[in-house]
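Protein chains: 2
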Amino acid sequence: MSFKLTILGCSSAIPKIDRNPTAQLLNVNERFFLIDCGEGTQIQLRRYELNFQRINHIFISHLHGDHYFGVIGLITTMHLLGRNKDLHIYAHKELKDIIDLQLSASNTELNYPLFFHPLAEDEGSIIFEDDDIKVSNLILNHSIKCSGFLFEEKRSKRKIINLEVEKYNVPYDKMNSLKDGADWINSKGEIISNEILTTQNTSPNRYAFCTDTKYDESLVEKVKGVDLLYHEATFTSDLELRAIETGHSTTLQAASIARKAKVKTLAIGHYSQRYRDLDKLLTQTQKGFKNTILSYPGLLIDFKHL
Amino acid sequence: MSFKLTILGCSSAIPKIDRNPTAQLLNVNERFFLIDCGEGTQIQLRRYELNFQRINHIFISHLHGDHYFGVIGLITTMHLLGRNKDLHIYAHKELKDIIDLQLSASNTELNYPLFFHPLAEDEGSIIFEDDDIKVSNLILNHSIKCSGFLFEEKRSKRKIINLEVEKYNVPYDKMNSLKDGADWINSKGEIISNEILTTQNTSPNRYAFCTDTKYDESLVEKVKGVDLLYHEATFTSDLELRAIETGHSTTLQAASIARKAKVKTLAIGHYSQRYRDLDKLLTQTQKGFKNTILSYPGLLIDFKHL
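Taken in order, these protein sequences are the chains called P and V.
Counting the first sequence from 1 gives a position; our numbering is that position plus 15.
Counting the second sequence from 1 gives a position; our numbering is that position plus 15.
Hints listed in this document are in silico derivations from the structure and should not be mistaken for laboratory results.
As the structure is a computational prediction, the values presented were derived from the model and not from experiment.
One or more hints might be untrue.
Note that the list lumps identical chains together, so a pair holds whenever it fits in one copy or between two copies.
As the list claims (entries may be wrong) - The calculated lysine to any residue pairs, modelled on SDA-like cross-linking and capped at a C-alpha distance of 20 angstroms, are:
no.	residue 1	residue 2
1	K19	G240
2	K229	I159
3	K160	T123
4	K229	N122
5	K160	L118
6	K305	D294
7	K111	N126
8	K160	N122
9	K100	I29
10	K160	A120
11	K31	L96
12	K111	N122
13	K108	L118
14	K31	R61
15	K19	N66
16	K182	G196
17	K31	Q68
18	K31	P312
Take the sequences, apply the hints, and build the full model.
This is the structure:
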């Protein structure tokens, strides 16, 4: 199953020409989840030739503008381009009024169904779930209510061993039950154990998106062992006081969460506009957690390479 | 007096990577007026190195998103960058609620005074006026209520002839009254006519911004003889029916208004995203009005060269 993340923006509140505000696109087996949607996200999607009509679910972490000012433009363009399939938005409840007011001001009635799912304020609740993936709400510690999102593939089904199913003449319509772990009973009543016919699949991918947040050790348990942790690193470590005042984290704090949670890879982002060159942020974070990467617009992270 | 217009965006509702939605910056003697503010305008201002803290007045034609979705981002960034001087927004009244709701959702109290001036729905009312310029409201004919804006320098003051004022020993503190047309009476009671001491200045600049609008001949009188008419030309002339349906104009219709109003120069814009190459739009418009230019992001129009 493919599991790929494209970074569309990685700036903090004040955008720079070459760093759009926060937005990411997660592709889980050709289903597309948009995570945050700062101003200009629709243009970023076009720039990287990502067809935004394939997005059916939009997750918004919180209602600071650099995380959602692009939503209204995106959903309006989807409408103008003739979308008719459902769109789901998961965000704090005030966003619904903001969207409704703007649609009303332009006399727009969307020609597709828009479902709004207010984010609960309790920890760990599941926001979205289907056969392949579930998305949980992580309550972050910011200056206004703010959610992180944990995307987890469900336990991968078992993998058929073609040679064995041919040898035992298992009919094709039994493949799904084999993948679910069932044994096979042939016409003579003999039981062929599932372990002979299948093998364990790769472990499910897990991605935790955590911005904006103060350094908060309670996050460690929630993101334990994920393949990729995106954690904000708005400031270098000398500005720790400024980070505390503004509800943000430093490079070393992001590294500390990654190290304690034993994640596979850390991606930092949400850089303050004061940093023109990001090398210092990367080097500093790597001192605390070696396997760190910088996010930047256009970066594609394929989880199979993590 | 300098009078210069920078085009920041010229796309219609669906933005393209290389054509932001509508926004323009008018510089009248180093005072800056922003006209419309589509999504991404703050980035366009940065791209062209225009200091947006110098903007004190924002005019919004109507509440279709491609003309205002960038306002909230811009005023938020002004706040984050420490602005403390007044900002004035002139727009239809619903925009105030939209802005207030978004500021409230992020617990933001702007650290500068924001004055909202609802646009009247009657023709020709003066929206803004100071010693040098006045801005009038032009009611356009679109699918929702929509205003054009006419920027007019006031009659330029007369120009001092340095050699003559020296010859007649006119004191320095009389210069302003000479510029206003007064004669000079010297200590002997002799009257020196203003026409000896000053000369007529260049004629005042006039700029009419007209988007979005159907073809409407009532516009002709309102924009008569302006130096520059910006008139939308969303469609080529073969799509006249589509233009009528959507409340827009074609190339030849824009040309017709310019010709009938005897304007000096016509700039077209608000191009439909279906046109990749804009040459056809230009050539077609020029058939109806020769002195036509294409607007495009980054174009600087200096009125002294029109």
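- Task: Tell me, please, which holds for K111 and N122 at an alpha-carbon limit of 20 angstroms: within, between, both or neither?
- Result: both (16 angstroms within a copy, 17 angstroms between copies)
- Item | 20 angstroms Cα threshold - placement of T123 relative to K160 | between (30 angstroms within a copy, 13 angstroms between copies)
- Message: Regarding K31 and Q68, is the shortest C-alpha distance of 20 angstroms or less found within a copy, between copies, in both, or in neither?
- Response: between (27 angstroms within a copy, 15 angstroms between copies)
- Query: Is it within, between, both or neither when you check K19 against N66 at 20 angstroms Cα-Cα?
  - Reply: Result: close within a single copy only, 15 angstroms intra versus 38 angstroms inter.
- Should K100 paired with I29 be assigned to within, between, both, or neither, using CA atoms and 20 angstroms as the limit? between (34 angstroms within a copy, 19 angstroms between copies)
- Message: Checking an output row: K31 and R61, CA cutoff 20 angstroms. Within, between, both or neither?
- Response: both (18 angstroms within a copy, 8 angstroms between copies)
- Query: From the Cα coordinates, with 20 angstroms as the cut-off, is the pair K160 and N122 best called within, between, both, or neither?
  - Reply: between (31 angstroms within a copy, 10 angstroms between copies)
- Intra- versus inter-copy proximity for A120 and K160 (alpha-carbon distance at most 20 angstroms): The answer is between: 10 angstroms across copies meets 20 angstroms, while 27 angstroms in one copy does not.
- Task: Tell me, please, which holds for K229 and N122 at an alpha-carbon limit of 20 angstroms: within, between, both or neither?
- Result: For K229 and N122, only the inter-copy Cα distance (18 angstroms) is at most 20 angstroms; the intra-copy one is 40 angstroms.
- Alpha-carbon proximity between K31 and L96, which holds within one copy, between copies, both or neither at 20 angstroms: Cα proximity of K31 and L96: across copies only (13 angstroms, versus 28 angstroms in one copy).
- Checking K31 and P312: alpha-carbon separation at most 20 angstroms within a copy, between copies, both or neither? Both: 12 angstroms inside a copy, 18 angstroms across copies.
- Item | Intra- versus inter-subunit Cα pairing at 20 angstroms for K111 with N126 | Close inside one copy (17 angstroms), not across copies (26 angstroms); limit 20 angstroms.
Of the numbered hints stated above, none is contradicted by the structure.
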